[in-house]
Amino acid sequence: MAFVDNKPVAFKLGYELDKARFYSWLGGVLPAYRGHAIARALMNLQHQWCRGQGFTSVETKTQNRWQHMLILNIKSGFIITGFEPEPEDSKILMEKKL
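Sequential numbering from 1 applies to the sequence shown in our numbering.
Don't read these hints as lab results, they were simulated from the structure.
Backbone N, C-alpha and C define an ideal beta-carbon position, used for all residues, glycine too.
Relax, there's no trap hidden among the hints.
Derived pair list, reagent style BS3-like, types lysine-lysine, alpha-carbon separation capped at 25 Å: (1) Lys-61 <-> Lys-19; (2) Lys-61 <-> Lys-75; (3) Lys-75 <-> Lys-96; (4) Lys-19 <-> Lys-96; (5) Lys-75 <-> Lys-91; (6) Lys-61 <-> Lys-91; (7) Lys-19 <-> Lys-97; (8) Lys-97 <-> Lys-75; (9) Lys-61 <-> Lys-96; (10) Lys-97 <-> Lys-61.
Label-pair restraints from in silico Cβ distances: (11) Asn-64 <-> Tyr-23: 18 to 24 Å; (12) Lys-91 <-> Ala-41: 22 to 28 Å; (13) Ser-57 <-> Glu-86: 22 to 28 Å; (14) Ile-71 <-> Leu-98: 16 to 22 Å; (15) Leu-26 <-> Arg-51: 19 to 25 Å; (16) Glu-95 <-> Ala-32: 27 to 33 Å.
Produce the complete structure using the sequences and hints provided.
Structural data, given as structure tokens:
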């Protein structure tokens, strides 16, 4: 979680897929606090924690409509590994080696 003046403004959640792979599941930043690199900082902290736990990769999914997240993931070293077509909200699968 990220706080500003003791107010929660952002979060990042994930879970173990197996001993080597971590799944970055959910994250968000309140609209008033976007554009201040909070999501990037939380992602970096999550990846640092994952390395410390022995994970060798992080996986995630996003959608094209979340372009800021897609761009952040690519700039942070994720590569596109697949695509899950769905009628309304297809998913872009991504992975980052740690």
